[in-house]
Each structure stands twice: as C-alpha cells, then as structure tokens.
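Colleague: From first to last, the protein sequence lines stand for chains S and R. Each residue of the first sequence is one higher than the last, beginning at 343 in the numbering used here. Each residue of the second sequence is one higher than the last, beginning at 6 in the numbering used here.
Check before you lean on any hint, since a few could be wrong.
Here are the computed lysine-lysine pairs in the DSS-like style, where the Cα-Cα straight-line distance is at most 27 Å [unchecked claim]:
hint, chain 1, residue 1, chain 2, residue 2
1, S, Lys410, R, Lys318
2, S, Lys406, R, Lys305
3, R, Lys318, R, Lys305
4, R, Lys150, S, Lys410
5, S, Lys406, R, Lys149
Since the hints were made in silico from the structure, they are not lab data.
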Amino acid sequence: MSARRIIAVLLENEAGALSRIIGLFAQRNYNIESLTVAPTEDETLSRLTLTTCGDESTIEQVTKQLNKLIEVVKVVDLTDGDHIERELMLVKVRAEGAQRPEIKRVADIFRGQIVDLTPDAYTVQLTGPSEKLDAFIRAIGRAAVLEVARSGVSGIGRGDAMMRL
Amino acid sequence: MAEMLSGADMLVRALQDEGVEYLFGYPGGAALHIYDAIFKQQKVEHILVRHEQAAAHMADGYARATGRPGVVLVTSGPGATNTITGIATAHMDSTPIVVISGQVPTDQLGTDAFQETDMVGVSRPVVKHSFLVRNAAEIPMAVKKAFYIAASGRPGPVVIDVPKDATDPNAKFEYAYPKDVAMRSYNPVAHGHSGQIRAAVKLLLAAKRPVIYSGGGVVQGDAAEALTAIARRLDYPVTNTLMGLGGFPGTDRRFLGMLGLHGTFEANLAMHHADVIFAVGARFDDRVTNNPAKFCPDAKFIHLDVDPASISKIIPADIPIVGAAAPALTGMLGRLETELERNPDAIDRDAIDAWWRRIDGWRRRFGLDHDQRARGDAPLLPQQVVQAVYRATRGEAYVTADVGQHQMFAAQYYLFDEPRRWINSGGLGTMGFGLPAAMGAQFAFPDAQVVCVTGEGSFMMNMQELSTCMQYALPIKIINLNNQALGMVKQWQDMQYGGRHSHSTYKDALPDFVALAASFGHAGFRVDTLPELEAVVAEIFSDKYKDRLVFLDAWIDPDEHVYPMAIKGGAMNEMVLTRNGGPAPPP
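My request is simple: use the sequences and hints to build the entire structure.
Modeller: Rendered as structure tokens:
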C-alpha cells in the first residue's frame, strides 16, 4: 500500500547538508513530491519538510536512512499522528472583462487574496492543504491559469506534540 | 601560550595526535603545502603509491587488518577522483578510512580551475560523511570528527577536502587538538536494548533447528570472541558471510562454511530449513538471500546490527536488536548463562542433536570437497592451489583477494580461525583491490605472513604497485590463479549465455608474469601441475623468501567453475553442485 507521507527533518544548518538529503533520495530511488527548507528560530538548525510516497517498509527505510545522515538531528513522520499541513501558492490567472468578478469570487470562496493585478490578470495568493490548492486550480480552469508558484508542503504536529531537541 | 601553526602543519599534527602511523598518498599541486609539512616531521610515515586508487585500498587493507582507520592523502582533481573506487569499496564493506584531498584555493572554487573537482559532491553517495574545510582554524576539529565518525557506529569512509589556501604556510593559527567530540546529530548505539536481548535469548533457547549467520559486523566490531563463546555454549551451527569469515573459527566443527551464492551445500540447506536464524552484523545481501520471497520459509529472525537501517531492510526481523556486536553479544552471553543456570534443560538437546545429524549428513554428501576431482591428465585446479597455500601458511596468514573465481576459491578453501585475516572486497566487488590491500596489511604487520590470492585479470588492474612494493621492500606473497580469462564472467557465459565468451579472454596477450615480477626486483615462479605444486609453495613460504615479494603464477584449469552456485531467483536450497550435475537433489 503506497501512501503519501509528510516527513519533517531537523538538520544542522550547514553547507552541503541539503545536498546530502536530496542525494539520498536520488541514490536510493525514493520519490520526493515536494520539499521545503528554511532555518528555524535556532539559527544552527534548519527545518525541512518533504512529502514522499511509498509502502510502509519503504517509508521505514526513508526515515532510517535520513537518520543515518550525520547532519540530520531529528526525523518525524508527521503523518503518523494528527498534524497540520499547509502549502502556499501564488497563481497568476487570466482575468479579463466579465471574468474578473467571477475570478474574484472563486478566490474569495477559497479564502485566497488578490495580491497583484494587471488589466488582464490577477495574482492570487492561497494557503491550505495541497488538495485545496489543487481544487482552486480546477475551479478556475486550467486554461485560465498563466503561472503557478507553489511552496511545497510545510507541516507541524497538532496539540502538544513538539519536534525539538 | 598556545602553539601557532599553519593549516598544513595543523593537519599533519592532528594526524600525529590521532596516532596515525601511515599516510598512503600521492602528491600534487593543491596538496603541496601539506606535503611540505610532512617532510618536516617523522612521526607519520608517508607511503608513496603509484596510483591513488591503490592508496585508498591500502588504507582500507590497513584498516581491516588492524581495526584502526587507514589514512589517504591526495591532491585535487584527478588525485581525488582516482580514490573514488577505493572509497566506494570501503563504504560498501563498512571499513574506516579517512581520505584527505587537496582542493583549489577557496577563491577559485567553482571557477573550473586547473585540477578542480567538487570532491565533496563526487564522493557524496559513497562516504559516511565529508567535510569541506572553509578555513585553517577548522582543521583540528574536522580531523577529530572525521576519525570519530569513520571508526564509530557502522564504520565507513570520511573525506576531508582541504582548499590550498587553508594550508598556507604563512598563515598561522592557535593549535589545540580537541580531546573529545560530541555531536548532537550523531550518537551511535552501543548496547542492545535489554528487553530485546532477553527476547532473543528466549527464542534462541527454544530453537529446534537454529543457525547463527554472522557477517562483517562481527569482524569489524571485534565481536568474534563473544560470538564464538555463544555458539559453543549453545552448540549451535554457525555460517559466515563472505565478509564474516574468521568471525567464527573456520576449523571448529560447528562451522558450516560460507553461505550464499557460492556457499556450501550444508550452510545453505541449514539456512533453508532453520526454524530460528540469528543474524549478527550481516545485512541479508542479495548474494546471500538469492530470492527474498523464497528465503528461509520456516525461520524466525533475530537480527542484531549496529545500523538500524540494515534491520528489516530486506528480510523483516522478528526480534530486532540495534547495538554494536561486541557489547550486545556479551550482554546476550550473560543473559544466556543466567537462563541456563535457572533452567539447565532449556535447550531441547534431542532436537539439536537431530538437527546436527541432518547437517552432518549434508556435509558428508556434498561438502566442498565433492568437486575436487582429478581429471584424466589432471590440469592443476585452483582449489588445490589455495589448499596448498593454506597448509604452507598453517592457516595463519593475512589473505587478501581480488574479485572473481579466485576470490570464491580462497573463501571456500582457506579456513580462517581468526578475525581480520581475510580481507576482500565483498560488497563493491572491486577488481584491483587485492594487492594494495595486502600492502596495507603488510605495513600494519611487517612481520606477518601476507598473501594476496588473485587472478591475472584483477592483478593487472593495479599491478603498478609492484613498484611501491619494491620501494618499501614488502615481502607479500602473490598467488596468481591464472586461467587466462576473466573466469567468473566466463563461468556465467558458460552457464547462462550458451558458452559465448564475449570479451572475457585475452589468451595471447598476457605478460610473462615471472619476468614482470623480476623486472621490479621480485622473485617469480610458475607452476602448472599438481606434482610440482607442493614443492613450489613450500619454497616460496620458506625462510629463503621471508624478506622478498614472491609472485607465483599458477596456471590452472581454465575451464574450472566455482560450485556450489545458487540457482538464480531460487531459494537457498536450490543450487548447482557440479558442472554437469545439474541442480542439487532435494534433501
């Protein structure tokens, strides 16, 4: 059974650390659907969130192999427990004449914001789980979408669950 | 007042402080400041190789023989990339080496400068870890961490890439070698979990058809003594992987021989029919398991390994134990004694006796010697050569091998009673490993008997090192099982490609190896019949050649195959036993 997983990784904020993670996935034929990384409040650490999919034994290997990397400090499979998942999308949508109010309405329904505009287009900012962003694109219609920039998934455990050293 | 040293001096000093005896290396532009620092000291002896690949294998051979990290020093670009095969070899077999590579100056990084290669990038998939030194002050800590990481946990190769400006002789820094190192992101587990150990002992004691399957982790983890004590206390059979030979005494009656693709009939059958398999420091490599779906259908698995990622990677473990082999096995032995004290009849002796009778039956019918036939005009067989070497060295030599048929014959017919005596490239299967690895072992133990069993194909991949052997007067004995072909390739072509020997022979293009050895000042012999064999082997291992390298060119039957051979995609009880014998009869 192949399932989508969200794995959070704390790693030393050092040059080359990220390349080891990406190299590991390529080398071991694991799949990366998305990957985000940024420094944390502790500047010696970066937090990386990646989404991957695989059966249970593959995911077990992914987390074990990640843990083996010397710069990796902690690995948590967020999908093991309740968690919050968010992705940011900036999407440039064709919006001309009569379409303009309709696009605006759809953006409102998805709680998106129009953050830039030209006479022919809106740039909409949207956050949410990945499926919500997918749904927005379907609602607007692919033909109207001019450009998409997605951040990839970021995630955090719900409640008291905390990922720290 | 702290000592002020240049980066180059700090690097060499750090190696001294780490207790390094030898540096295997080759100079070049980006490493010249370091070479100048080496020139000014005596503590670390630099060995000048003829090819950087060989330097890495020498360090590896040194590490495998001693358990201490072997160290390599090379320049940037081609010097660095030439070590990659050696690093990958060490990585696959989990041996501790530290490779220091020169790099172009920091301000030229990324500019495609002369002899620039992204060494950290190129080596990344085959190292345990790597460091790119950003400035000279980082050198002592990088060295400290490199040695710590290389030798602890599951050992492996570590690269330190040092830009030339970081070794500038005119820029001096305070030097202090760190006493210890703590890393929040790297804490290898030592002792196994006591609950898991209790469960494992319970399952072991309840076994009716047990097998202990031990690998390189027992050798590398200095756990042979503890493993042997457990096996003898239980009187259970032991099989070793190719990497694990010597982890249990080869002459003990409980030893079933090597298992796997070219394992013994009895080892593979015992595995197949076992009800409990205790895997220690072994990783269920595909050359062992053959088809994982058909692997040991009746067995429950206890798997002890220092690397959690090795556990349940191929075969799910019923009782996983993460821990270093030696402390975990010692813990198990203690637990075992407690259990047996409480209940002396905990082991079902009748079942174990019956199990031994079955195993001994397999051993009698199809032990390795089954294939030791003398044909009509009796060409010399490779097995006979290995056995003659075994007798002449009383089984006490350090034996290195290259890769191919000769490697399997050595593994099958030389019985190792001690760990770290058998040194071969098991995981990566690197031809050209044998001679430099033997050199590393000989540097480590100058008075020991070191033998390199090789084939002419493998030997020619690093034969330039005969010159290094001349320079340092290394008295290695090279046993060349010469079948005038790439024997293992040819065997597969015989068995799977209708005998079409596509590019596996070079019959009329071989050098005169005796003359070749002589040209480097070494002694050379040639043998091609059984009656001459004993005398020649006795002579080369006699005192007369104690201080000289001897090359024995043994012309063997070019048609000999390695058997047993597992049938591709089969279970462990599916083997071909003889050239014309077809598959083994089902036991």
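Colleague: Against each hint, give a clear statement of whether it holds in the structure.
Modeller: Now for the hints, and whether the structure bears them out:
1. Lys410(S) to Lys318(R): The given pair, whose Cα atoms are some 14 Å apart, holds under the 27 Å limit.
2. Lys406(S) to Lys305(R): holds (23 Å)
3. Lys318(R) to Lys305(R): Since the Cα atoms of Lys318(R) and Lys305(R) sit roughly 15 Å apart, the hinted pair holds (cutoff 27 Å).
4. Lys150(R) to Lys410(S): holds (16 Å)
5. Lys406(S) to Lys149(R): Satisfied, since the Cα-Cα distance of roughly 25 Å is no more than 27 Å.
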